[in-house]
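Engineer: Keeping the supplied structure of chain A fixed, place chain B upon it in accordance with the hints.
There are 2 protein chains.
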Amino acid sequence: MAGVLYVISGPSGVGKTSIIEGVMKRVKNLVFSVSCTTRPKRPNEVEGRDYFFVDEETFMRMMKEDEFLEWAIVHGYYYGTPRRFVEEQLRSNVNVILDIDVQGATTVMKKVKDAVFIFVAPPSFDELKKRLLKRGTERQEDMIKRLEDAKKELEQIPKFQYLIVNVDLQESIDQLTSIIVAEQLKVNRVIERLGFHKIFSDGGDSK
Amino acid sequence: MAGVLYVISGPSGVGKTSIIEGVMKRVKNLVFSVSCTTRPKRPNEVEGRDYFFVDEETFMRMMKEDEFLEWAIVHGYYYGTPRRFVEEQLRSNVNVILDIDVQGATTVMKKVKDAVFIFVAPPSFDELKKRLLKRGTERQEDMIKRLEDAKKELEQIPKFQYLIVNVDLQESIDQLTSIIVAEQLKVNRVIERLGFHKIFSDGGDSK
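In order, the protein sequences belong to chains A and B.
The opening residue of the first sequence carries number -4 in my numbering; numbering runs sequentially from there.
The opening residue of the second sequence carries number -4 in my numbering; numbering runs sequentially from there.
Among these hints, one or two may not hold up.
Copies of the same chain look alike in the list, so a pair counts if it works inside one copy or between any two.
[To be verified] In silico DSS-like pairs for lysine-lysine, Cα to Cα no more than 25 angstroms straight-line: (1) K140 <-> K59; (2) K147 <-> K181; (3) K108 <-> K129; (4) K181 <-> K146; (5) K181 <-> K108; (6) K36 <-> K129; (7) K108 <-> K154; (8) K106 <-> K181; (9) K181 <-> K154; (10) K181 <-> K23.
Calculated directly from the structure, the hints in this document are not laboratory data.
Okay, chain A solo, but in the shape it has when bound (with noise of 0.2 angstroms):
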């Protein structure tokens, strides 16, 4: 599989689809998985773009049938990335990007060895808890539920490759820029796309 799936992962509210929005504008031959999920539809998701809202009894059906890359449990609803349109837009050549949760990331870490794996990481525990109450769309309890989340999700992080301090909504969305064009200029990569001969001929190819 040629393409190069990035997988974004991080604390709730930390801003991570904002940084997605940002980038997905800038960078070409990208497209973005759209996760299913059982989690109420907030006011401002639109379905098929934020996220497939689906019933449990789906969900179940959609597991058990393999159709999911990964699934999760997150703040007790349920979140899977759907398999096939992921693997079908790698196999073509482009590049995807997946926004899930931590568990989700570290089984995704198992299953997809080339992938790229990025941690958006709040500048603090108290910014995070600003963002969640501006946000305004969670319940007290999940609130709660959230932030100490939060804290064991920030424990993953050595497990990934890059880490975005989330300081700065245009500064991050440069930063996931730079990773996303730096990786696809790892040496295999360039290699497999441009097949060796375009780098070691000896001319008579030249543009």
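Structural biologist: Frame of chain A; chain B shown alone:
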């Protein structure tokens, strides 16, 4: 040493110097390591900016006194990287960029384990030949030698981490900038730079 050493290498005439000049204008906290050479100065070159031009006797003395991080004979002339400058900058958390030949780069691979190695390749051999002719600073016999060496140098590409195929100068500058930014975001480097407490602290030190 908390600074990162970026080693840019590739055949003569491929455009390394122009790419690096472009990057130096855009990236903060990055210094260029000026090499020593016994090669005659070209008309557009400036002592201390492009190279330290020294005679063979001086070069031999510096070699004996272990003043070089690496040295190599390229196209009949000596080239070497002054060790002390590089080490001091890295110790002061400043990132350093080296523009060295492929032999020298493979020497640094053995000495500096966490350096980042970037190969700059021409789009084709014909293109490389055109660029050397256009530069017009080489004697005919020097140019033939450079082209012969280039073939051997390209075989070393798989030892490098990144490969930039220099089709368009501006694009190559963007690519090298992205590599430098991305490498600063590697998990281990961010943790070393910020300190563990900054990322894992439980509030109280938010900005």
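Engineer: Now tell me if each hint is right for this structure.
Structural biologist: For each hint, the structure was consulted:
no.	hint	result
1	K140 <-> K59	neither (28 angstroms within a copy, 64 angstroms between copies)
2	K147 <-> K181	between (32 angstroms within a copy, 20 angstroms between copies)
3	K108 <-> K129	neither (37 angstroms within a copy, 45 angstroms between copies)
4	K181 <-> K146	between (33 angstroms within a copy, 21 angstroms between copies)
5	K181 <-> K108	both (15 angstroms within a copy, 17 angstroms between copies)
6	K36 <-> K129	within (18 angstroms within a copy, 62 angstroms between copies)
7	K108 <-> K154	both (13 angstroms within a copy, 20 angstroms between copies)
8	K106 <-> K181	both (21 angstroms within a copy, 21 angstroms between copies)
9	K181 <-> K154	both (20 angstroms within a copy, 11 angstroms between copies)
10	K181 <-> K23	both (17 angstroms within a copy, 23 angstroms between copies)
Against the hints set out earlier in the document, violations occur for numbers 1 and 3.
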